[in-house]
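J.: Sequences are here, hints too, so could you generate the full structure?
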Amino acid sequence: MLNRTVLFVLLLLPVMTQGQDMPLSDVLIEGEAWELVGEGFKFTEGPAVDAVGNVFFTDVPSDKIYKVGLDGAVTTFVDESHRTSGMIFGPNGKLYGCRRGLKQIVTYDERGNATVIAENVDGNDLVVNREGGVYFTEPSTQQIWYISPSTEKRVVDHGIEKLNGIILWPDQRTLVVADTAGENLWAFRIEDDGSLRYKQPYYTMRLTRGQEGSGADGLTVDTMGRLYVATHAGLQFFDTQGRISGVIANPNDKRISNVTFGGEKLDTLFITCGNRVFRRKTQATGIRFFDAE
Numbered sequence: 520m521l522n523r524t525v526l527f528v529l530l531l532l533p534v535m536t537q538g539q540d541m542p543l544s545d546v547l548i549e550g551e552a553w554e555l556v557g558e559g560f561k562f563t564e565g566p567a568v569d570a571v572g573n574v575f576f577t578d579v580p581s582d583k584i585y586k587v588g589l590d591g592a593v594t595t596f597v598d599e600s601h602r603t604s605g606m607i608f609g610p611n612g613k614l615y616g617c618r619r620g621l622k623q624i625v626t627y628d629e630r631g632n633a634t635v636i637a638e639n640v641d642g643n644d645l646v647v648n649r650e651g652g653v654y655f656t657e658p659s660t661q662q663i664w665y666i667s668p669s670t671e672k673r674v675v676d677h678g679i680e681k682l683n684g685i686i687l688w689p690d691q692r693t694l695v696v697a698d699t700a701g702e703n704l705w706a707f708r709i710e711d712d713g714s715l716r717y718k719q720p721y722y723t724m725r726l727t728r729g730q731e732g733s734g735a736d737g738l739t740v741d742t743m744g745r746l747y748v749a750t751h752a753g754l755q756f757f758d759t760q761g762r763i764s765g766v767i768a769n770p771n772d773k774r775i776s777n778v779t780f781g782g783e784k785l786d787t788l789f790i791t792c793g794n795r796v797f798r799r800k801t802q803a804t805g806i807r808f809f810d811a812e
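All you need for the numbering used here is the position in the sequence shown, starting with 1, plus 519.
Hints may be right or wrong, so weigh each one.
[Stated by the list, open to error] Calculated cross-link-like contacts (lysine-lysine; reagent style PhoX-like; alpha-carbon spacing at most 20 Å): (1) K800 to K784; (2) K718 to K681; (3) K586 to K561; (4) K784 to K586; (5) K773 to K561; (6) K561 to K583; (7) K586 to K622.
The set of hints was computed from the structure by calculation and includes no laboratory data. Since the structure is predicted, the reported quantities are computational estimates derived from the model, not experimental observations.
T.: Printed below as a string of structure tokens:
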């Protein structure tokens with residue numbers, strides 16, 4: 520784990536924009552390809568993994584949340600989600616979600632019953648640390664919010680043009696936020712009180728021809744500290760120094776909206792991609808922030 524001094528130095532380093540690709544074989548397995556998990560949805564988003572490896576995702580326009588079991592079966596978890604978008608599991612075993620239709624941040628219990636933890640906010644995506652603190656993005660106001668474990672909320676950053684996905688580094692001392700309209704992901708050091716400091720454009724993404732912005736959306740990380748981001752160009756991933764390490768192509772003609780690791784061993788990438796959900800077994804291992812050390 521990086522200590523605070525080393526992390527401070529890393530966040531002050533300039534972003535390396537010309538790093539060469541490392542082999543995709545560092546992550547991918549020869550012969551493994553994207554496998555269809557489910558289709559026929561309208562717009563899938565928010566993949567989140569629980570304590571045993573089941574993956575949950577939302578079909579935003581249809582107001583439903585689905586569960587992908589370890590056996591690959593897709594079942595309905597919530598019938599009326601009120602346009603829940605970003606989701607992640609917290610240390611209390613509950614599924615946290617941005618319920619945009621009602622401008623709430625909520626938790627869902629094992630039966631799909633919702634409890635409101637914040638109101639009058641237009642959350643898009645969120646991440647929960649091991650203490651139960653919640654960070655979420657609000658694109659309509661260009662704000663990042665923090666909800667403390669005691670459910671007190673406050674704005675901790677403002678000004679990213681079109682902020683979207685949000686994730687923690689494995690050590691949970693650095694927060695990373697996507698800017699859909701730009702070419703950079705932004706990194707912050709997290710202070711003990713939950714506030715953010717040392718805002719830096721730490722990752723520079725590849726842009727597709729004719730696109731001014733990256734289309735950066737959902738994010739995830741693995742145990743090696745590699746960061747994965749859904750973009751127009753595909754699933755881009757970076758090393759711990761912020762250098763581009765490769766791009767995994769989309770499985771169809773729809774843009775990937777979000778990504779997580781799931782499965783019993785957390786070694787399978789799950790992506791939401793338009794009206795479909797795909798998975799792909801890898802050599803990497805994901806992280807559950809509620810039990811990360």
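J.: Please go over all the hints and tell whether each is borne out by the structure.
T.: Checked hints:
1. At most 20 Å may separate the alpha-carbon atoms for a hinted pair to count; K800 and K784 meet this at roughly 10 Å.
2. Restraint check for K718 and K681: the C-alpha separation of about 16 Å stays at or below 20 Å, so the hint holds.
3. Between K586 and K561, the direct Cα distance comes to roughly 16 Å. Compliance with the 20 Å bound is thereby established for this hinted pair.
4. Taking the CA atoms of K784 and K586, the gap is near 17 Å; set against the 20 Å cutoff, the hint holds.
5. The straight-line distance between the Cα atoms of K773 and K561 is roughly 12 Å, inside the 20 Å bound, and the hint therefore holds.
6. For the hint linking K561 to K583, the alpha-carbon distance of about 10 Å falls within 20 Å, and the restraint holds.
7. As the CA atoms of K586 and K622 are separated by approximately 23 Å, the hinted pair breaks the 20 Å bound.
The structure shown violates just one earlier hint, number 7.
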